[in-house]
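These protein sequence lines are chains A and B, in that order.
Each residue of the first sequence is one higher than the one before, starting from 1 at the first, in the working numbering.
Each residue of the second sequence is one higher than the one before, starting from 1 at the first, in the working numbering.
Rather than coming from a laboratory, the hints here were simulated on the basis of the structure.
Keep in mind that this is a model prediction, so the values were computed, not measured.
Take every hint as true, because none was put in to throw you off.
Here are a few chain B residues that face chain A, going by a calculated C-beta distance under 7 Å: (1) R31; (2) L33; (3) T122; (4) F137; (5) L140; (6) I161; (7) G218; (8) G222.
Okay, derived cross-link-like pairs now, DSSO-like style, lysine-lysine, Cα gap no bigger than 27 Å in a straight line: (9) A:K6 / B:K199; (10) A:K102 / B:K289; (11) B:K114 / B:K176; (12) B:K289 / B:K176; (13) B:K110 / B:K176; (14) A:K279 / B:K110; (15) A:K196 / A:K279; (16) B:K289 / A:K105; (17) B:K288 / A:K105; (18) B:K176 / A:K105; (19) B:K110 / A:K6; (20) A:K4 / B:K176.
Short, incomplete list of chain A residues facing chain B, as computed with Cβ under 10 Å: (21) N3; (22) L15; (23) A18; (24) V25; (25) L110; (26) Y119; (27) L154; (28) F188; (29) E213; (30) M219; (31) V243; (32) F275.
Using N, Cα and C, we set each Cβ at its ideal position, and we do this for glycine too.
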Amino acid sequence: MKNKLKENIMSGVFLFCACVSILAVALICVFLFANGIPAMKKIGLLNFLLGKKWKPGNDIYGILPMILGSVYVTAGAIVIGVPIGILAAVFMTRFCPDRLRKFLKPAVDLLAGIPSVVYGFFGLMVIVPAVRQIFGGSGTSMLAASIVLGIMILPTIISVSESSLRAVPESYYEGARALGATHERSVFMTVLPAAKSGVTAGVILGIGRAIGETMAVIMVAGNQAAMPGGLTRGVRTMTANIVLEMGYAADLHREALIATAVVLFVFILIINLSFSLLKRRSESK
Amino acid sequence: MTKTTAIAKTAAAPQKSGGVSGAKAQAAVLRTLVYAAACLTFGALLCLIIYIFLKGIPNLSLDLFSPTYNSENVSLFPALINTVIMTLLSLLIAVPLGVFSAIYLVEYAKRGNKLVGLVRITTETLQGIPSIVYGLFGFLLFVTTFSWGYSLLAGALTLVIMILPVIMRTTEEALKSVPDSYREGSFGLGAGRLRTVFKIVLPSAVPGILSGVVLSTGRIVGETAALIYTAGTVAQVPPDLLGSGRTMAVHLYALWSEGLNTEQSYATAVVLLLIVVLLNAASGALAKKITLK
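In isolation and in its complexed conformation, chain A is listed as follows (with noise of 0.2 Å):
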């Protein structure tokens, strides 16, 4: 009998903490809306996503230049990471000797180890500075983001990419190279086509880290809340919007910031959808 209510109150204990995280993410859906809709409807929610100007202290928040610095920095670091990170998982794959395998694996998780402050650091350090004197300028830049956060995105996409790279058949291999298709062709033109979906999936799930990344960017962007003008002048993105001037920002300005939070969930919401998409498509060919 005593044995029997343990059971039951146990089970119902684990029936409550797999709640928490459906909990969780109603939370987070709940305290956002509610505090970010309200600020775009007295904003107007035109004014606030297209508005050029963003001038917290004569109260016009428009937010289109930090849309739009999240959304160049990011495709700057997909043109950067893209194909470096899909030839890297073709590399681990296909052409690198199982012995330097064992170095490279553990390598790319160190990679997604790394914490952005430190990545964030080394692009102030490294890459503005080299930026600074190829380009001129002040060298914190859109193009000093996009290589921090094309960097960053590697080892997302090298692992995404590489375990569907090894889910392709061998015998899709070994049919090209019997028809005399040299190694490298028989890769490219069989193995890479029949992973497209995992390496898709992949590169989305970089896209989402990208324009996610905070901290990383704020140290190397430049941050001026200005409509973005050229490669290697200063972008501020959403992230870092929020981030600069959470610290201070009271009222409306508070608001604005939220619902600032709230555009950017709701990009990130389309990139999850798009990723569990993908997702199920490849696990079920």
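Dock chain B against chain A, hints included.
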């Protein structure tokens, strides 16, 4: 695996069957690209580690480890203690929570349970949320709604939500890899479900759970954006959990934003990087232990 390597080796050897020279050129170009990408990736990692260590180690001094922080010694010691407190506190809450939910998903939920699908979707969502959004949420819920102010507790609870999916996923995988015969044997001897879970299934899943814990520790140690507006940026060890205190990563960020102590920030970066490297080595060793089994 060995087969692949063998094929790779024959391919690397010069092609005897005098193929069209165009194919050869194409192969050479592709191969160069692949090698270049690999060099860039691992070169960047090496460059980062070597640079931080070279710049940081000469700046390490005993002053940095004095028990309290002031603007003269720029001590990182309080931040180090705060990091340890923050890690322990978050793990203390998140590990039972994550392990119990994984137990529910793997051992208790029946096939086709709708709740399981919902939990999967929410944990996937949680994993994609950027840390600044967690930070803002923690700020709105714990700091303002609960009016705890900037505090270690608010920071830790925010981190709990952040690492929960990691612990859940690793525990789930560990539980699933425990063979069913263990459970059947235990049931056969008359043990109840609860007893089976705690005495038979969980002990065999410990290495897997531990690797999740180490992974989460790495995330806690490196986290900044989620902590600035929850745990705050006071550079001392607070008297209790409702006081504000900054961890190592926040300390490094704060040093940058003050912009005064470059040498000390190099040294702080080295210590932070060293902790992360050690944690990674630990999780690697654990993973090896699991696969050897």
